[in-house]
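Number of protein chains: 4
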Amino acid sequence: MEAENHVYSTFETVLQVRPDDIDMNQHVHNSRYLDYVLAARYDQMERCYGMSMQAFLDRGFSWYVKVAHIEHKRGLVLGDKVRIRTRVGEVRRHGVKVVFEMLREGDGKEVAAGYCDYVMVNKDNGRPTAIPEDVVAKYSV
Amino acid sequence: MEAENHVYSTFETVLQVRPDDIDMNQHVHNSRYLDYVLAARYDQMERCYGMSMQAFLDRGFSWYVKVAHIEHKRGLVLGDKVRIRTRVGEVRRHGVKVVFEMLREGDGKEVAAGYCDYVMVNKDNGRPTAIPEDVVAKYSV
Amino acid sequence: MEAENHVYSTFETVLQVRPDDIDMNQHVHNSRYLDYVLAARYDQMERCYGMSMQAFLDRGFSWYVKVAHIEHKRGLVLGDKVRIRTRVGEVRRHGVKVVFEMLREGDGKEVAAGYCDYVMVNKDNGRPTAIPEDVVAKYSV
Amino acid sequence: MEAENHVYSTFETVLQVRPDDIDMNQHVHNSRYLDYVLAARYDQMERCYGMSMQAFLDRGFSWYVKVAHIEHKRGLVLGDKVRIRTRVGEVRRHGVKVVFEMLREGDGKEVAAGYCDYVMVNKDNGRPTAIPEDVVAKYSV
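Chains as they are written, first to last, in our numbering: chain U, 27 to 167; chain V, 27 to 167; chain C, 27 to 167; chain Z, 27 to 167.
The following block holds chain U by itself, in its conformation from the complex (with noise of 0.2 angstroms):
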């Protein structure tokens, strides 16, 4: 099930900041960037992995964040378009590390660095499940 050396595949979403991201130091509110990150991983995860988090919603199935770490670089402003990579970092029985990666759209500057762990729940309960065969196939581009 472990699936070591494997080297995963990068993808990339591309998001507006809106006004209500920004805080009162006129930057993108510094929580807002783990949402970009989330809104990423489920962009990609339907156009990239070939399973959106409604299906995995319909199959019983939902991800909890397990550990959110985060460095920032620099600060998003309004009117700026972040360009997000994440990576598989690691496929585990219970859960998928993904790394990742955020870059200012225009100068490709770096914005923020960092990594999540998701775990796998069992939507009505909320108790971690085994990642499916199917789905570690899938997470394993």
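Worth flagging that the hints you see were computed from the coordinates, not collected in a lab. Accuracy of the hints is not assured; some may be wrong.
All copies of an identical chain are treated as equivalent in the list; a pair is satisfied when it fits inside any one copy or across any two copies.
Stated by the list, open to error - Computed cross-link-like contacts, DSS-like style, restricted to lysine-lysine with a CA-CA straight-line distance of at most 25 angstroms:
1. Lys92 / Lys107
2. Lys164 / Lys92
3. Lys123 / Lys92
4. Lys99 / Lys135
5. Lys99 / Lys149
6. Lys99 / Lys123
7. Lys107 / Lys135
Assemble the complex: chain U is given as a structure, and chains V, C and Z must be docked to it using the hints.
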């Protein structure tokens, strides 16, 4: 079922502005005032009407916002507390009109005023449903 | 200065629902629809009226929401896109009334409709200020 | 300037979960936990360290989040209160590491734990700036 000419009670909830509520204008972001009204209603549902949102959900109901109308008088800033006064304006077959007023704690100056029309729905299909008599009774204080 | 009997242009912006917009009812959270309207206006300020929000800020102006009125028709869900149509309803001395309509992308069904009264303010003290003639001209397309 | 081997005080703030914090999984949305930490720090800056965020802003300073790391143990739900314990982990030349723990009010079960590295910046240009001695003193309780 109509409760015409009924004078409904006014209830109050005091909330502390959170830093993530502040936007680029150094004020609470305009849409967050509606979130404050929502928070006040949830508090009051349990504390003042004797039926928490969870109790509604447990009975298979939820509340949707049908109409929201808000007039902003002055902005709340970092460190402010706000007193949210709400009262039922009208109880209808499928919903409740709630009138609200928001006052800055300390000097009592008006922050905003408006109303929300809430509709009661079946939680599973989102369809409007008649408000049960016992709920009408609870809301008729 | 009044622009009576003027028929203003309608502009459109398409937005993708973000996962962090979804609330406990599995719909876009009610107050986020107003954030979508705001995002559409910011996009259109630059793209359709030829003066970005940043350009307003650079000239010492900002826009506050004075009144927001929204009627929800149907909820947006995860994966949806929404088409936001706005047009100037009236240009006043210190502000602009903007009428909006939101349609679900794909089937064009109505999601919400309403209006916002924006007031132009001096960015530094938050006081209402007369809209400069050149801005009135830009908004009179 | 380094405060090695110093044992810093732990301070606590209790927050009420707001309905708009709940996401599609019926839990507080993952990025909002970081907003709770921020709210706790703002509260404690004023109440426990004797220098409010506003006082920092008035002196031309602001605080940026450089690194955020959070491990989620269990989700908060509608109606929950959360106790946020924070303490200074390290005072550096340009910033402060803050360690936090979040406990569910009532049963005291662990909700999340982690740390944030904050950097002090010049409010006007966003550049890191050395923490003034009097601030270091205030933070060394």
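Hints versus structure:
1. With identical chains, the CA atoms of lysine 92 and lysine 107 are at most 25 angstroms apart between copies only, with a shortest distance of 20 angstroms across copies and 27 angstroms within one.
2. In the homo-oligomer, the alpha carbons of lysine 164 and lysine 92 lie at most 25 angstroms apart inside one protomer (21 angstroms), although the nearest pairing across protomers, at 34 angstroms, exceeds that limit.
3. Taking the shortest alpha-carbon separations for lysine 123 and lysine 92, both the intra-copy value of 10 angstroms and the inter-copy value of 21 angstroms come in at or below 25 angstroms.
4. Taking the shortest Cα distances, lysine 99 and lysine 135 sit within 25 angstroms of each other inside one copy (9 angstroms), while across copies they are farther apart (34 angstroms).
5. With identical chains, the CA atoms of lysine 99 and lysine 149 are at most 25 angstroms apart between copies only, with a shortest distance of 17 angstroms across copies and 35 angstroms within one.
6. Proximity of lysine 99 to lysine 123 under the C-alpha cut-off of 25 angstroms is found in both arrangements, the shortest distances being 21 angstroms within a copy and 17 angstroms between copies.
7. When the C-alpha separation of lysine 107 and lysine 135 is checked against a cutoff of 25 angstroms, the pair qualifies only within one copy, where the shortest distance is 12 angstroms, while the shortest distance between copies is 29 angstroms.
Figure legend: structure checked against the earlier numbered hints; every hint is met.
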